[in-house]
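Engineer: Read top to bottom, the protein sequences are chains A and B. Start counting the first sequence at 1; every next residue gets the next number (the numbering used here). Start counting the second sequence at 1001; every next residue gets the next number (the numbering used here).
I should point out that these hints are in silico values taken from the structure, not numbers from a laboratory. Among the hints, erroneous ones may be present.
Unchecked claim - Partial selection, computed: residues in chain A whose CB lies under 10 Å from chain B:
| id | residue |
| --- | --- |
| 1 | Asp22 |
| 2 | Gly58 |
| 3 | Phe94 |
| 4 | His98 |
| 5 | Val100 |
| 6 | Leu111 |
| 7 | Arg122 |
| 8 | Arg137 |
What the hints assert, rightly or not - If you anchor each label on the Cβ, the simulated ranges turn out as follows:
| id | chain 1 | residue 1 | chain 2 | residue 2 | range |
| --- | --- | --- | --- | --- | --- |
| 9 | B | Ala1763 | A | Glu81 | 45 to 53 Å |
| 10 | A | His66 | B | Pro1812 | 27 to 35 Å |
| 11 | B | Trp1407 | A | His140 | 16 to 24 Å |
| 12 | A | Gly13 | B | Pro1430 | 37 to 45 Å |
Beta carbons: idealized from backbone N, C-alpha and C, even for Gly.
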Amino acid sequence: MNPSPILSALHLGKTVPGPEGDLTLLDDVSLDVHAGESAAILGPSGSGKSTLLGLLAGLDRPTTGHVRLQDQNLNELDEDELAALRGRWCGFVFQSFHLVHDLTALENVMLPLELKGDPAARETATQWLGRVGLHQRRSHFPNQLSGGEQQRVALARAFAVEPALLFADEPTGSLDHANGRHVSELLFELNRDEGTALVLVSHDEELAGRCDRRWRLEEGRLHA
Amino acid sequence: MRRPRMLSRTAFRPWRDGAFRLLGTALAIAAFALSSVLLLRAELNERFDQRTAEVLGGQLVLDGSRAPEPAQRELMDAVRTVPAVEFRTVLVRNEQTLLVSARAVAPPYPLFGRLTLAPERFGTEYTADHGPPPGEAWLAGQALDRLGVQVGDTITVGQKELKLSAVLKREPDGGAGFYSMSPRLLMHHDDLQATGVIAEGTRLDHETLIAGPPERIARVRSQLEENLRPDQELEGVDDAAEETLSPLRQLTLWISLSVLLVALLCGAAIYLASGERVQRHARHAALMRCFGASRRQVLDDLLGREFVAVLPASLIGSGLGVLLVWAIRRQMEWQGAWSAGPAVWALALLAPLVLWASFALPRLLRLLRTPAGEVLRAGGDHTRPALELGAALAGPVALAALLTQSWQDLGLVLGILVVLGTVLPALFWPGLRWLDRRSARWPLTLRLALRRLSRRPLLTLPLLAALTLAIATLTLAGQTGTRLIDDWQGQLPDKAANYFLFNLLDEDKPVLRDWLDKHKGEPSPLYPIVRGRLTRIEGTPIREAVTKDKQDSEEALNRDLALTTAEQVPESNRILEGEWWDADAGPGQVSVEADIARSLDIDPGDSVTFVTSRDEVTGTVTSIREVDWASFEPNFYFMFSPGSLAAQDATWLTSFWLPEGSGRRLSELLEQMPHATLLDVDALLERAEQIARQASGAAFLLAFVLMGSALLVLGAALLAGQNQRGLDNALLRILGARHALVRRVQLLEFVLLGAGAALAATALVLAALWPLGQRLFDGALPISAWQLLPLAAIALITVLGGLLSRRSLAQPPLALLKAG
């Protein structure tokens, strides 16, 4: 295992103003994720899982502490630099899939590649759609695909950029049991084959159980 | 203190919501358009009816060859009537004879308008609200010249001597034009018997002019219609309006159509905004239901919240509409009370509520049917598309019925709306599909922008159609009107005639020539004018040769025409069929204008016969001519070969150009020929330009409101899709897109939308201008700077779209995570 973590958070805190004073969402959270490692953050609704994921992915700014991604302190980057960093190193899978409805399955997979300026975006995306078993449906639009298929397109989109780190937010949360199982198999298989680090946020113990490491988030504090 | 503060908080808080503001704006615009048009139409209709009644002589006219029966007179007791008898008679004075068209009238003639008189032949005109008293007569000016009589002299009509007490210049219902065949004599009805002209076999025209309240007129009309003799016919204001298909009716139709389009676009905006409002209300309504509120309580709460927007917005819009009509009344100097009755006022105020009820209410009422639990879980779709569609169609149809008030016009307006609503989007659809397919390999930014449009056809196509129509209407409104007149004037030759001179006598010709030489005028050819009425084609009387409809509708059959002779074909005429005669051709040949030849089915070789004041003229058609009526040269329907009219009483007609500033010297010329009539083309053009300016101002205002409504729909569509748009942008940011790229995609989307609409609008405008170019500009399209308006519209749509969707750009990427 690489001794230098691909992602590290140090004394991360997040407070937001509330009607009765500041509200603490996260308090003194520190963690490391190494290349190829899979880590799960578990917690009930409202425990701050999504807030933590947002901070780790550079989608939000911490009130205290900092996040380092590929040795870059996210606090020192502006929004466009953060976007470029995400585009270069990160992949995302969401609970509600979040495919672009106006683009076909193939174009959705091409999207992050094109944003990176990859001249072989179409070929790479076609190949990845084949890997998730959706080659035949590459010209379909999201509303013509089932939930499970949409999430497989989202997986292809996330892995197509060969990310060093994949953020997955409740990736099976919107799927039935069979589809959820299929998607989680695929997620861990690709994670293993590509050597991608995985940060998984979920309340699903079974899914989290398949990760190398697990943390539990309770009332804004992280417990091993 | 607390209560006013609470009230202001309650009243103003909803306006912080974008959907609420949009709903209010849409209603205000619709209320403005609907109220101003309903009130203005009432004003125009009354003025038009008044004018038509003036021209007819009454709101209803009973016409027959004999006086009405006593029973018919009894039926007319409930209304004001004037008996008027018309006949032709010959006036004799010192061996001079003159055929005049006499009319005997009794008080309270005239029922509408006023008579224009003069104390002497060229005296200062004045008006009168009554006819001549018994024993007196008023005679048209040219009759005075021909008989050599003056005001104060005595003339003999049949066996009755009458004192000539004024010169008759104009009757409100006379309709006498330049080519009127016989001069008019007006006398009192009481003197009629004494003239002795009423004898067995005399051809008389008995008119009863009728006026009164509309409902009584309608009753009298229906009773008279059941008791008409074969020789009698009834004509009312409505018939006259229908027959002429007056410009007013066309104007009203156009205004109704524009206002309906505005209402429909506002309806679309209301529909989209109400969708957002429903979402806002849903949880509140569900909670109320959970806590035990009855449907009635939920309904009261819902409607109460909506009326905070609906009522003030409607009132503000209607108030602005009333203000506009007030300003128009003031500018046009329309005196008297407002023409709109209580029903029209009520309609003007209620019409926007009809719009709201049909587009928003069904969606709001949906909340009452939704079980509370489902709303709280954000599940369940309780839309009733059939009800919503039915209501959305019923509202505009009801408004169209209110605006048109006739089945025929309603059908026409709805037909046009259906065509616009289906054909325009249908025309865009293939183009959008083609772009959708072609864009697969286009650059990412362009593809993303295009797909946002092409993948939402149900929103994009109506939006494109609305914007296209609005841009095209605005461009046309700017292009036409005064600008077209300016362009057309620019196309006229440098020394195009600016004066026409009628009724010249033979001895006037050298006087005119000398005067024009002296004042550097440019003369045109002189044409002899003989007034004649077309009576036979190929020897068959017009009544048999031409259908009844054609007899009624073809204006040339119902008036005296100016016949002339010419050696050369006029410059502005073109022979289409047959040949123009040789220089040495004999009399009896005639060249006919193409439109009237087509209308009356006249071909080369046919013979046409006219009755003139002297006898008859017959000619054989040798050619059919196309006439450029816009050339401002004397033009004629029937031109005879030289010598054909030699035996007729002819006057002369010419046109000429005078340098600017020489016009005031024309009084010298007219003093030498007081019988001549001068027509100042520049003054006519100035008047036409003034009317065009007012009409184009109104058209421009309407087009402007239409454009505003189309942009409102754009705003509503953006508002309705704001959340999704924000999430799409957030996703792009998460996947690594720079802010500039997301902004570029968004702007490009509006550029494409604007460009599509601008392109289609330009095509529409050019298609609309093409016939004008053919007619007025020798086939060249009247292009002007207004053609650049679609480009400006692209910029406007882009800027507005960018501004209205800026919140979706500011959506933080984290929002996507929170959305699940």
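Engineer: None of the hints should be skipped; say for each whether it holds.
Structural biologist: Quick rundown of the hints versus the structure:
no.	hint	in the structure
1	Asp22	violated (18 Å)
2	Gly58	holds (9 Å)
3	Phe94	holds (7 Å)
4	His98	holds (5 Å)
5	Val100	holds (6 Å)
6	Leu111	holds (6 Å)
7	Arg122	holds (8 Å)
8	Arg137	violated (16 Å)
9	Ala1763/B / Glu81/A: 45 to 53 Å	holds (46 Å)
10	His66/A / Pro1812/B: 27 to 35 Å	violated (19 Å)
11	Trp1407/B / His140/A: 16 to 24 Å	violated (50 Å)
12	Gly13/A / Pro1430/B: 37 to 45 Å	violated (57 Å)
Checked against the numbered hints given earlier, this structure breaks hints 1, 8, 10, 11, 12; the rest are met.
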